[in-house]
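> Please arrange chains B, C and D on chain A, whose structure you already have, making use of the hints.
Chains as they are written, first to last, in the numbering used here: chain A, 19 to 341; chain B, 19 to 341; chain C, 716 to 1002; chain D, 716 to 1002.
Hints in this document: simulated from the structure, not taken from any laboratory. Take these hints with a grain of salt, some might be off.
Unchecked claim - Using C-beta positions, here's what the derived DEER-type ranges look like:
(1) C:E960 x B:E318: 52 to 60 Å
(2) C:G973 x A:R118: 32 to 40 Å
(3) A:R94 x C:E942: 42 to 50 Å
(4) B:R39 x D:E840: 32 to 40 Å
(5) B:G27 x D:D917: 29 to 37 Å
(6) B:M288 x D:R989: 54 to 62 Å
(7) A:R328 x C:T719: 38 to 46 Å
(8) A:K298 x C:G973: 19 to 27 Å
For each residue, glycine too, the CB sits at the ideal point set by N, CA and C.
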Amino acid sequence: MSVLAAGTGVFKPPDPDGFRRHVRDHKERRLVSKVMSEHEAIERFVQDGDYLSYDCNIWNRGPASLMRELIRQRKRDLWIAAKFTAHDATLLVAAGCVSRIDVGWMEVGRVIHEAMAEGRVQLFEWSNGALAYRQLAGALGVPFLPLRYLGGTDVFRTSGTKLIEDPYTGQAVCLVPALNPDVALIHVNQCDEFGNARIFGAGVAPVETAMASRKVVLSTEEIIPNEEIRRHPQQTRVPYYMVDAVVHAPFGGYPGSVPGLYRADVEHLMEFGAAQVQGKMAEYLDKWAFSVSSHEEMLEQRVGQEKMERLRAEETIREGYYE
Amino acid sequence: MSVLAAGTGVFKPPDPDGFRRHVRDHKERRLVSKVMSEHEAIERFVQDGDYLSYDCNIWNRGPASLMRELIRQRKRDLWIAAKFTAHDATLLVAAGCVSRIDVGWMEVGRVIHEAMAEGRVQLFEWSNGALAYRQLAGALGVPFLPLRYLGGTDVFRTSGTKLIEDPYTGQAVCLVPALNPDVALIHVNQCDEFGNARIFGAGVAPVETAMASRKVVLSTEEIIPNEEIRRHPQQTRVPYYMVDAVVHAPFGGYPGSVPGLYRADVEHLMEFGAAQVQGKMAEYLDKWAFSVSSHEEMLEQRVGQEKMERLRAEETIREGYYE
Amino acid sequence: MSTTRTFTDMEQIICTTARMMEEERLYFVAIGGPPLIAVLLSKRLRTPNLTYVVEDGTIAPAVQMPAPAFLIASSAAGYRAVAWTDMNTVDFHAGLGYIDYGVLAAVQVDQYGNFNSTFVGAAYERPARRFGGPGGANEIASLCWRTILMTRQQGRKFVNKLDFMSSPGFLDGSPDARQRAGLPADTGPWRVVTEMAVFDFDEESRRMRLLAVAPWATVDDVLAQMEFKPLMAPSVETFDLPSEEELAALRAEVDPSGRTIRGRWITVEEEDGRAHLVQQEAAGEES
Amino acid sequence: MSTTRTFTDMEQIICTTARMMEEERLYFVAIGGPPLIAVLLSKRLRTPNLTYVVEDGTIAPAVQMPAPAFLIASSAAGYRAVAWTDMNTVDFHAGLGYIDYGVLAAVQVDQYGNFNSTFVGAAYERPARRFGGPGGANEIASLCWRTILMTRQQGRKFVNKLDFMSSPGFLDGSPDARQRAGLPADTGPWRVVTEMAVFDFDEESRRMRLLAVAPWATVDDVLAQMEFKPLMAPSVETFDLPSEEELAALRAEVDPSGRTIRGRWITVEEEDGRAHLVQQEAAGEES
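Just chain A, same shape as in the assembly (with noise of 0.2 Å):
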């Protein structure tokens, strides 16, 4: 068993006994209420320089409004895995709070590619599923997982991955670095008070997100009581255990689409999208998120309650998700 060739890319390294010592002495494992402000989880569990990882996007899903917190609190030096991201990287990058990028996807924009040139950001090549990936490596509790992609490209090149003759069949297979975030924030449908938590539709790896980082910060569009939790089981897909912080947010995945109570605010997106090539991206910034004071406030003066009332009357599917 030799390893045939290997990538160079820098990447977090794989620390499986760490976690474990992170899990054992700071993970609650009595059922306790862990709700708190978006203001003391961002507070709490984001420390500048952390490796962040976040499920879905600004799209659909995603935890909007811990990111604006984040922004607001002005984390910085963050590296985050941008495992099929929208904007959201373009986002973090302008208000200078994320400093490396591991890409799988992203959209890129004026801000990416001027925080390139100056050398604020740095990028790291990897695929949407190579990130999940490695995510499900650090949810297995192992350093890493074999894989049968990435291989021959510059991807491999340029990454922590590497080629190695399989001790079973001889043959050549990759590895990947498993990945264990230092924080994650996930936006889901509904948990208890302890942070058992239910997530409706396919997603892109809030399962694996979850169980792979050392921190867990939900923000809840509902906050059901357990015994609602306790009738159907089956529905669970976070356990409490794994949870730090509760943040009830109805409206958190703003402007994106949380699929069977609202849709994506397109209006709001193409206002994104104009400031960037405006190069306004500072006025955007201080209206949606340095200029309120919370996310409920940003849902009153800067959203209103008509919209609100709209986006969730034009969220005309519940099928699946809530019937």
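Just chains B, C and D, lined up with the frame of chain A:
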């Protein structure tokens, strides 16, 4: 990266590309009906010498009616994965169907002892988790997975586990070979005619078993319309394209329980126990398998409407399964 | 009698790709873009029972037409699927050999069908233009049995050397190159579709081969838009223009917002079964 | 005034184990047997909010009392869980360090807490007695932070050399032996509980150490039922008999069928705070 130690046990060797070729050449990608009789399903999809995996066991949501059909058709020389299996292995050994067993845990009595003493059955040591995990490796399409147990024990020594130096952390970690059974028998709560299947309750590894196996035979308590499947996509655990046969088998888990539907027939389980102790397995097999032509006939003539109604009535918990 | 038809380059690419699709095969597409639109068009017009999986874990959805303007990752995109899973799950299904065709968009492609969706120009650290990254393309191009690539016919896209190989074709074209790199056996690119041409790959050399051209283009027109010279099929066929029916379905039902189907306008006049180019816009900067 | 109490060896083992349990810890038990019964007893009497996961993927269920006769893998065992998952999932949770204690039954144990649940006697191919195999014990004993072993106090169970090491204790007892074998750091056996004694393990030598004995037994009684001589705690404590309350809960509510709690009967007379053995059945053949 070197192999530090390796077990010397015999195991079904992983062959991811062979599996892929089987899928390419034999799996139906169209939505076509796969509903057939248990006789046809077992005749077409279980060959003598196959490696067979079933999910759960004869106490609980096991594919009991398919196993009895397998016995009736006198399948021979099967190799089974006994991952948390009750007396299922005993039953198949008593009927002469099985010659090799990968052991996680199984009930062991006179039948297994005698078969071992007479050299009719060979046992290979793993654990429940290791067998479920080897099937996960098979389900991921990779030749092996790393894991952090088995090492240091006699299970390691007598199995196909290897200990390697992890090329990422430099630490010792075990590898186990992927297990891709030739055929899986899985009893499900509901599926459509194409094989899109729902399974309610905690299971052992139904999804991994279906994904990892070349041929997949489902028995189901209920066949529901595809339209109903599509109304609740999140409930689907196995997609149609993995499934080769759908057998409509109400009470297919009998004498075991299907949680939420009917409880186990403890009287029957005691009858089995007594038959083994008394060396009367031939009579037991004759009564419950050979002397009836089908599951339906067995239910009618050996169980009876009254008992079935009682077993249904006594399963008072429906919450979380059907409510 | 002559008729005039006007369509975008992307509409031609989508229609040609859609016509290759078969109901007895399973397709893998990324969350949005031309591949999804091609699948939806084929389902709408020719293969209503075709099934596909999406990178986000959606399996065999039944998208209602007309599709909403913002289809990507919306509830409409997953409507009446047979299962909602996640990214790893559908990648596993591909890894197990269940998925016949991956359909993908490429920014640059080389003669072995390797392709780029990461950056072009200058060096990696300071690219002339940075793109979104491979997304799911690397796994889809590695794990599905066959890959269909959709791209525009431009010299800067059909290059001798990729600026970055984001996803694999036949790598260096040597026998078993993919297997030696750790990829599953017997997989690889199958067709490359542009507005002007369809290519396949030679069984032996693994080099790209010109199979068919648009009725309004010549082989030389195609070669003029490639840095490398492809092999030639024994007889290069001519494929059809987008039909009125296809264009109507695309514009009114499959992509009513025009997000994906927009592109360079091409006007073609057909007369006595022959077609010739009347007018086309210059190639833009878009990918 | 004297009182007489009669209980089975297994009832003593279960009660002693249950008393070690804490609400702020998470437990991992196999699908049935003494470990599950000990957890349920503790929940019933002392630690109602204790949570545990079961090998089949059940997370934190709320089993109603009295438990049904056929609890194993029935709907009653998973009742009002917070999640129903599968075997791999709960093993991953253990692998990630979430699970504090694994509670397991053993057929044979050696001085380093390695244990056997596979076979005893003669050779592997022709065992004198074959057992069911490790089940989930190997992973539970490897991945949980601490393991509690439940077994009967018999010379043929506390052996110098296991007939088969199904699951790991401290292996050969050398420093980092578990890590060198690929197991997570800082894990291992924590207590061994029998009807007659409680053992822990010396921090340095990793050898089993006698910590406490039953009020009706002496250290010598315990040593007479072991092939190897354990280390001795500085002061060997005495643990309590099963209380009337514990026995009532066990027999009427936790295991009303008596499937798990049956065993060898022990009768003890208590007088002036001292207890002595009045009568006990001979050790049987059961594991």
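> Compare the structure with each hint and give your call.
Structure-based check of all given hints:
Between E960 (chain C) and E318 (chain B), the C-beta spacing of about 56 Å keeps the proposed range 52 to 60 Å intact. Taking 32 to 40 Å as the suggested C-beta distance range, the pair G973 (chain C) and R118 (chain A) conforms, at roughly 36 Å. The beta-carbon spacing between R94 (chain A) and E942 (chain C), approximately 44 Å, falls within the hinted interval of 42 to 50 Å. Checked against the hint of 32 to 40 Å, the pair R39 (chain B) and E840 (chain D) passes, with Cβ atoms roughly 36 Å apart.
For G27 (chain B) and D917 (chain D), the Cβ-Cβ distance of about 33 Å falls inside the hinted range of 29 to 37 Å, so the restraint holds. Our hint of 54 to 62 Å for M288 (chain B) and R989 (chain D) is violated, since their Cβ atoms are close to 43 Å apart. For R328 (chain A) and T719 (chain C), the hinted distance range of 38 to 46 Å is satisfied, since their beta carbons lie about 42 Å from each other. At about 26 Å, the CB distance of K298 (chain A) to G973 (chain C) agrees with the hint of 19 to 27 Å.
The structure fails hint 6 only (numbered hints given earlier).
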